[in-house]
Amino acid sequence: MSTVSLVLWIIFLPFIAYFLGVLLLGWGKKYTARLQRRYGPYLFQVFFDSIKLLRKRTNISHGWMQDVSVLMLLGGTILTMYFVPFPGFHFFSQYGDFLVVMYLILVPSLGMALGVGETANPNGSIGISRALQMLAGYDIPFALAFIGMAMIHGSTNFYELILRQQELGIAGWGIVTNPFLGIAALFALHGMMGEKPFEVVIAPHEIATGPMTEMGGKYMGMMMITHALQVVVELTIFINLFLGGAENWITYIIKIFALFTIILSVNAVFGRFRVDDAVRFFWKIPLPLAVIGVIFVMI
Amino acid sequence: MSEVLERINRSFDEPEDEHDEVREYTLFIGPNHPGIEGNFALKLSLEGDTIVRAKTDGGYLHRGFEKLMEERLFMQNIAIVCRICVPDPDPNEENYARAVEAIAGIEVPERAKWIRVLVLELSRIASHLFTFGGHAGTIGLYTMPNWSIADRDRILDLFEELTGGRVYHIYNMPGGVRRDFPDGFERRVHEVMDYIESRLPDYDDLFFNNAILRKRAEGIGVLTSDQAIRWGATGPNLRAVGIPADLRRDDTYEVYDKLEFDIPTLTGGDALDRLLVRRKEIEESIRIVRQVVDNIPSGKVWNKQPNPLKWRVPAGDAYVRTESSKGEYAYYMVSDGGQRPYRVHVRGASTTHGVHILENLLVGTRIEDASQVMFSLDACPPEVDR
Numbered sequence: 283m284s285t286v287s288l289v290l291w292i293i294f295l296p297f298i299a300y301f302l303g304v305l306l307l308g309w310g311k312k313y314t315a316r317l318q319r320r321y322g323p324y325l326f327q328v329f330f331d332s333i334k335l336l337r338k339r340t341n342i343s344h345g346w347m348q349d350v351s352v353l354m355l356l357g358g359t360i361l362t363m364y365f366v367p368f369p370g371f372h373f374f375s376q377y378g379d380f381l382v383v384m385y386l387i388l389v390p391s392l393g394m395a396l397g398v399g400e401t402a403n404p405n406g407s408i409g410i411s412r413a414l415q416m417l418a419g420y421d422i423p424f425a426l427a428f429i430g431m432a433m434i435h436g437s438t439n440f441y442e443l444i445l446r447q448q449e450l451g452i453a454g455w456g457i458v459t460n461p462f463l464g465i466a467a468l469f470a471l472h473g474m475m476g477e478k479p480f481e482v483v484i485a486p487h488e489i490a491t492g493p494m495t496e497m498g499g500k501y502m503g504m505m506m507i508t509h510a511l512q513v514v515v516e517l518t519i520f521i522n523l524f525l526g527g528a529e530n531w532i533t534y535i536i537k538i539f540a541l542f543t544i545i546l547s548v549n550a551v552f553g554r555f556r557v558d559d560a561v562r563f564f565w566k567i568p569l570p571l572a573v574i575g576v577i578f579v580m581i
Numbered sequence: 505m506s507e508v509l510e511r512i513n514r515s516f517d518e519p520e521d522e523h524d525e526v527r528e529y530t531l532f533i534g535p536n537h538p539g540i541e542g543n544f545a546l547k548l549s550l551e552g553d554t555i556v557r558a559k560t561d562g563g564y565l566h567r568g569f570e571k572l573m574e575e576r577l578f579m580q581n582i583a584i585v586c587r588i589c590v591p592d593p594d595p596n597e598e599n600y601a602r603a604v605e606a607i608a609g610i611e612v613p614e615r616a617k618w619i620r621v622l623v624l625e626l627s628r629i630a631s632h633l634f635t636f637g638g639h640a641g642t643i644g645l646y647t648m649p650n651w652s653i654a655d656r657d658r659i660l661d662l663f664e665e666l667t668g669g670r671v672y673h674i675y676n677m678p679g680g681v682r683r684d685f686p687d688g689f690e691r692r693v694h695e696v697m698d699y700i701e702s703r704l705p706d707y708d709d710l711f712f713n714n715a716i717l718r719k720r721a722e723g724i725g726v727l728t729s730d731q732a733i734r735w736g737a738t739g740p741n742l743r744a745v746g747i748p749a750d751l752r753r754d755d756t757y758e759v760y761d762k763l764e765f766d767i768p769t770l771t772g773g774d775a776l777d778r779l780l781v782r783r784k785e786i787e788e789s790i791r792i793v794r795q796v797v798d799n800i801p802s803g804k805v806w807n808k809q810p811n812p813l814k815w816r817v818p819a820g821d822a823y824v825r826t827e828s829s830k831g832e833y834a835y836y837m838v839s840d841g842g843q844r845p846y847r848v849h850v851r852g853a854s855t856t857h858g859v860h861i862l863e864n865l866l867v868g869t870r871i872e873d874a875s876q877v878m879f880s881l882d883a884c885p886p887e888v889d890r
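Chains G and R are the protein sequences, given in the same order. Sequential numbering of the first sequence, starting at 283, is according to the numbering used here. Sequential numbering of the second sequence, starting at 505, is according to the numbering used here.
Be aware that a few hints might be false.
If we take Cβ atoms under 7 Å as the criterion, some of the chain G residues that face chain R in the derived model are [stated by the list, open to error]:
1) Arg319
2) Arg320
3) Glu481
4) Glu488
5) Ala490
6) Phe552
7) Gly553
Derived BS3-like pairs (lysine-lysine); straight-line CA-CA distance at most 30 Å [to be verified]:
8) R:Lys719 / R:Lys559
9) R:Lys719 / G:Lys566
10) R:Lys719 / R:Lys784
11) R:Lys719 / G:Lys311
12) G:Lys500 / G:Lys334
13) G:Lys312 / G:Lys334
Source of the hints: derived by calculation from the structure; they are not laboratory data. Beta carbons: idealized from backbone N, C-alpha and C, even for Gly.
Produce the complete structure using the sequences and hints provided.
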């Protein structure tokens, strides 16, 4: 990759991902609305909402840590994104493998925890505590699923994993070669995205949107932008690990929309677990599935 | 360094009681909160996730309904009473009209009585559909409110056609009802009832048999039959503990004694059973509505009353009760022979359910279930603030 194209990718990838994230979230709103017998908002509503929020004057700030937290959210997500291979861009994945991504993906959560802690709102603190509990639920099966894939293909490098899967076509996809790992990771992805039934961190009726309670105006705008990026990053990680990555942007977009639609369909017909039930679920179903998947690989 | 060590040692030596204020914290649900039912608030004291004390905080909707009624003509009050409970306004109109009729000795035409039953049952169905949406919202199942509240709109269409108003109907008047059925109304009522009935299996699949609802609502906010009687529970909340009390049977009014319907009961007394009793009640209300439409006698719908601007209701008092979707709804009215009521006391079911019972049931439940327990009791905050 030439230096010019590398610089261009570094500059434009966040914008491309944000555009894709807005489209995904807009599609999500439309699709859910149709299931709910509604018309739904405009496809680019998330974009307009973000702009509106960023233009608002911030009346209440709880200190510099809250300001830093939204930057950590956005910065951490963008940094994670650089280490995840996208069609045509996998430069950084040779310097940092899946373990780096697993580490970086925690940075936004840490930023959110610090910022929300600064606001001292009990709803926010409960939300953060729930987020950490959820992490204990979905992170272990997700990590195990990845370890299993790394053992199958003898590499922890994202890009190599994609190439190995693509060698055999669909038969080589992670979810086909080892469905146990794929299904466990799909559950974990669902939890990571915080969609119902795992929407325990936000839970508006319980804790008044939890971490977002004190985040208004520009803070909320930044969080919305970050959310759009996070959706893209999390779905792309799964596509790269279990759906053979993507040879080009067309197959990538088909895969990412299809995967997101599956998650949205579950989201629309389920309520949310209690936080302990959610963690128990991860330990009862995805975790044993992931362990079985790893044992299969070892055998 | 020694100072730091000293501080650490001192913190270990402090008795546990010193940290009480840290162990327990206060959380407000409402008046501005997605999980609150109407303009109302809960002040919760929590230890971790568990509620140790709950205090309801009402008054946000206090418009002084009872006092207002003392200042207005008997006819003017018809437009006020319906506002005491937005989702189910018709029991207020019914009670007010019947109280005036009882004091003034006014006869109501037979057809008007049947129409009043129709309106009350349609209102019950609409109110229950609203409650299902609210309850589903507490567990995050937002498809259900979108479905049930959209379906409720079909009943509001019927109300609009019959009364001119969708939410507040101002339709029951002392002496009957304001107007008769429009042309083809019976057919449209049947169509809407068929539609609502056809939707019930969808609700079952999506909501009532949903694994998450079963897991979250079962065993939550349990009310025993002893508690229910002691604390004054009525309506579906009482029937969910296995007591088949229903004013439509026990102290019948209008033409309920001429209609066939069952009183659904369950015995669990938890949030799930309270919800399921309401689900079963919709089927019974549909049954009643169909009987009314098929068997309604012909005749006039209102016995003309004196000029409302000069009307003096004879001195006397009356206590009337109606089975609303929330429970027992009663009015005590006193007239001193003037143009305005001397006193109207409103006994809404929500004061017992939404204040006393809720405060007791919340103790020991977890923060994530607070909203669900509240919605399962189906209180209507303006009834508390009347």
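Checked hints:
Taking 7 Å as the C-beta contact cut-off toward chain R, the hint placing G:Arg319 at the interface holds, the least distance being around 6 Å. Look at G:Arg320: its Cβ gets to within about 6 Å of chain R, closer than 7 Å, so that hint holds up. For G:Glu481, the interface hint holds, the least distance from its beta-carbon to any beta-carbon of chain R being 6 Å, beneath 7 Å. For G:Glu488, the suggested interface contact is upheld, since its CB lies about 4 Å from the closest CB of chain R, less than 7 Å.
Proximity of G:Ala490 to chain R holds as hinted, the smallest CB-CB distance being about 5 Å (cut-off 7 Å). The closest approach between the C-beta of G:Phe552 and any C-beta of chain R is roughly 5 Å, which is under the 7 Å cut-off, so the hint is satisfied. The closest approach between the C-beta of G:Gly553 and any C-beta of chain R is roughly 3 Å, which is under the 7 Å cut-off, so the hint is satisfied. Between R:Lys719 and R:Lys559 the CA atoms are separated by roughly 27 Å; this keeps the pair inside 30 Å, and the hint holds.
In summary, the hint linking R:Lys719 to G:Lys566 is supported, as the alpha carbons are separated by about 16 Å, within the 30 Å threshold. Using a Cα cut-off of 30 Å, the hinted pair R:Lys719 and R:Lys784 holds, with the two alpha carbons roughly 20 Å apart. Restraint check for R:Lys719 and G:Lys311: the C-alpha separation of about 27 Å stays at or below 30 Å, so the hint holds. Straight-line distance between C-alpha atoms of G:Lys500 and G:Lys334 comes to about 9 Å, which keeps the hinted pair within the 30 Å bound.
In summary, the hint linking G:Lys312 to G:Lys334 is supported, as the alpha carbons are separated by about 20 Å, within the 30 Å threshold.
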